[in-house]
Amino acid sequence: MGFPEPGIKKTEAILPGSYIHTVIEPPKGWAPLQLGELWKFRELLFFLTWRDIKVRYKQTALGAAWAILQPVLTMVIFSIVFGGLAKLPSEGIPYPIFTFTALLPWQLFAFALAESSNSLVGSQNLVSKVYFPRLVVPFSSVLAGVLDFAIAFVVLMGMMVFYHIRLTSLALLLPLFLLLTLASALAVGLWLSALNVKYRDIRYVVPFLTQFWMYATPIAYSSSLIPEKWRWLYSLNPMTGVVEGFRLAILGKSSLDLFSLGISASVVVLLLIGGLYYFKRMESSFADII
Amino acid sequence: MSDLAIRVEHLGKQYRLGGQQLRYATFREAILKTAGAPLRWLKGERRAQPTSFWALEDVSFEVKHGEAVGIIGRNGAGKSTLLKILSRITSPTRGRVDIYGRVGSLLEVGTGFHPELTGRENIFLNGAILGMTRREIMQKFDEIVAFAEIEKFLDTTVKYYSSGMYVRLAFAVAAHLEPEILVVDEVLAVGDAEFQKKCLGKMGDVAKEGRTVLFVSHNMGAIESLCEKSILIETGSISTMGISNDVVKNYLSSTYREVKIPLALRKDRQGTGKLIFDEINVNDSQIRNRSLQVDLSIYNQNKEEYKNVALSIVINDHLGRPLSNLINYIIDKPIFVGVHGVKVRITINNINLVPGTYSISPFISSDIQNGEIYDWVINAAYFDIPDYDYYHIGNTPYLKGETIYLDYIYETI
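First to last, the protein sequences are chains G and V.
Under my numbering, think of the first position of the first sequence as 1, with each following residue one higher.
Under my numbering, think of the first position of the second sequence as 291, with each following residue one higher.
Okay, chain G solo, but in the shape it has when bound (with noise of 0.2 Å):
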């Protein structure tokens, strides 16, 4: 009996729980968010989100100064055209900053929402080789954009500085703001992203979109300009809310108010669950279609 038992130490070592147990089934419909898996991932996001930064102004001669040069272009073009020659009235601020100001979470919503409309077609590769959850993709791209507005951000505060603005205690809901617009940009960019991986018309739909979608954003001019028996219609843009409330953080001043915001952040939150459903309804075809 001086045998050993190697059996026993083996059952131990392959009982069934000590295993993580997958069931892999056919796809039924509307399935659960799961988003405890995103988590899971999240080392994945992080080096997704990194690889896209990092990539980004390679290959430019001008590198990463692109991400001070686009919003200040535009603001010299605004400011001449709207500010100058059109007159809009800007609430008593100097009109480049009260443009500025508003450019900032207007380009990371655009730039979020083109990358990650395009990220699942982009990262085909991926989408039909490698197992993870798709949201990963549009997530990253999404948060690959916050170092530009980082960057961006710095130009801001210098402009503060030049035209004698200061921040007030309203400052502390600029985090707010700033995830605001992260989410509109993920709600829309989920939705889009998820359509292309089919129609591939989304990716001319998009620069269009996103130019329509400018004016119609309280960017160039205050949001005061339209009539007050509209402002409901016009807060149905998740970006009014954020813009305005940018404004509001930073200069302090702004033509929001509390029912516009609720209106703009209602409508990112529908379009946001909306979106996470039907992308993950959608999830299970992307590797047979991309």
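Take these hints with a grain of salt, some might be off.
Stated by the list, open to error - In silico lysine to aspartate or glutamate, EDC-like type, Cα no more than 16 Å apart, as pairs:
1) 557/V / 574/V
2) 354/V / 388/V
3) 430/V / 441/V
4) 58/G / 406/V
5) 488/V / 439/V
6) 54/G / 406/V
7) 40/G / 426/V
8) 54/G / 445/V
9) 633/V / 595/V
10) 487/V / 439/V
11) 597/V / 622/V
12) 597/V / 662/V
To be verified - To spell it out: a stretch of chain V is covered by chain G in this simulated footprint if at least three of its residues, at any positions, have a beta carbon under 8 Å from a beta carbon of chain G; those stretches are:
13) 388–399
14) 605–619
Stated by the list, open to error - Among the chain V residues that face chain G by a calculated CB cut under 8 Å, a handful are:
15) 305
16) 383
17) 384
18) 402
19) 406
20) 407
21) 419
22) 420
23) 423
24) 443
25) 470
26) 508
Because the hints were derived from the structure by calculation, they are not lab data.
The C-beta atom is built at its ideal place from N, Cα and C for all residues, glycine as well.
Add chain V to chain G, keeping to what the hints say.
Frame of chain G; chain V shown alone:
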């Protein structure tokens, strides 16, 4: 059944045909179709069932922990679909899979490599994509670098790597993935012969360590040496399952049948098709005199003259191992293809292969290296070397796994 790693039950995957149309579907089509639907319904047209096919049908099998299982079958039989379902890239249409353990899948070498990032950066990125944690990657970093033999170029952008270095690095990352269940698709078909050997060795280690491996390959030698058991998939269903040697034999006899299809009608070919092999004839009447003739007929599709083509035939043994490549180029014999094509006869003298079945794969391109491949048909024809008295000793030689006969003499000195 506590040591079960994978249980597949009645698995099926349906694809719609005309996937191309589906893929490039536009809004306009979708809107027009939806808008026109009520009208068509009134007219009594019911929605036409889209033509579809089952890439996998009613597949069931089980794999225990520590088993290495080979999956073989012709191109398009459903092997890759099966692996994609097991690695959760695509979902099944029917059935159920239970997996016990962490799955790592390698369907391609270098997935997610970014040309603008350095070797070091790509190791981390690729590792994360394959499912490794940052800590795991850091622990194995030195090992990965050593395995890939790229120490000097670690901080060089990958786009400046040679293709060999690129593949070595990509495989090195993948090889250091340590899941409980490893799913591998034909990734060994890359790199030079020496690196392939290294990769196979690594795979062997993985199997020996008692981890579960599912391995798809066309390299029957690799399947037989790595996997004790194998599954043969034919047109979406399992046709044979069991000990690898038997399954491989079964598969090879089935590919033999495939050759009954006339060469001109074979679909499993590669190349641009400007020139096409439309006939191959193997004359083995003189095989007992160690001579074999292969006649190839090349059809010229677009009636242009080709002055100097590279033509070759590769001879493979029954395990798919290449034995010899007979290239017109090497023996300095230019071949001119006229507008009506050309017929070529290749005569092999001194055939010294042991009895068995061998295959011939013809290849034609504009240039032997990096040229435009016109046509390439793997296993276009087979020939048998019978048992015969090679050495003229009045008997067939005694064989025990050898592959060639050599002429030799013995003398005392």
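Now the hints, each set against the structure:
Between residue 557/V and residue 574/V the CA atoms are separated by roughly 26 Å; this puts the pair beyond 16 Å, and the hint is violated. With a CA separation close to 12 Å, the supplied pair residue 354/V and residue 388/V stays within the 16 Å bound. Straight-line distance between C-alpha atoms of residue 430/V and residue 441/V comes to about 14 Å, which keeps the hinted pair within the 16 Å bound. Taking the CA atoms of residue 58/G and residue 406/V, the gap is near 7 Å; set against the 16 Å cutoff, the hint holds.
With a CA separation close to 12 Å, the supplied pair residue 488/V and residue 439/V stays within the 16 Å bound. With a CA separation close to 9 Å, the supplied pair residue 54/G and residue 406/V stays within the 16 Å bound. Taken as a hint, the residue 40/G and residue 426/V pair is honoured in the structure, with Cα atoms around 15 Å apart against an allowance of 16 Å. The suggested pairing of residue 54/G with residue 445/V holds, with an alpha-carbon distance near 14 Å, which does not exceed 16 Å.
Proximity of residue 633/V to residue 595/V is assessed by CA-CA distance (about 14 Å); at most 16 Å being required, the pair is judged to hold. For the hint linking residue 487/V to residue 439/V, the alpha-carbon distance of about 15 Å falls within 16 Å, and the restraint holds. Pair hint residue 597/V plus residue 622/V holds up; C-alpha atoms about 14 Å apart against a cutoff of 16 Å. In summary, the hint linking residue 597/V to residue 662/V is supported, as the alpha carbons are separated by about 14 Å, within the 16 Å threshold.
Counting residues of the region 388–399 of chain V whose beta carbon lies closer than 8 Å to any beta carbon of chain G gives 9, which meets the minimum of three for the stated coverage. Residues of the region 605–619 of chain V lying with their CB closer than 8 Å to a CB of chain G number 0, which falls below the three-residue condition for coverage. For residue 305/V, the interface hint holds, the least distance from its beta-carbon to any beta-carbon of chain G being 7 Å, beneath 8 Å. Here the hint on residue 383/V is kept, as its CB sits about 6 Å from the closest CB of chain G, short of 8 Å.
Annotation: residue 384/V was flagged as interfacial toward chain G, and the flag holds, the nearest CB pair being 6 Å apart, inside 8 Å. Residue-level restraint check for residue 402/V holds (minimum Cβ-Cβ distance to chain G is 5 Å; threshold 8 Å). Restraint check, residue 406/V versus chain G: the minimum CB separation of about 5 Å is within 8 Å; hint holds. At its closest, the beta carbon of residue 407/V sits 6 Å from a beta carbon of chain G; the interface hint therefore holds under the 8 Å criterion.
The beta carbon of residue 419/V comes within 6 Å of a beta carbon in chain G, closer than 8 Å, and the hint placing it at the interface holds. Checking residue 420/V against chain G by beta carbon gives a least distance of about 7 Å; that is within 8 Å, so the hint holds. Interface restraint check: residue 423/V against chain G, minimum CB-CB distance 6 Å, threshold 8 Å, status holds. The beta carbon of residue 443/V is not positioned within 8 Å of any beta carbon in chain G (closest approach about 18 Å), and the interface hint is therefore violated.
For residue 470/V, the suggested interface contact is upheld, since its CB lies about 7 Å from the closest CB of chain G, less than 8 Å. Taken as an interface hint, residue 508/V does not check out: its beta carbon lies about 19 Å from the nearest beta carbon of chain G, beyond 8 Å.
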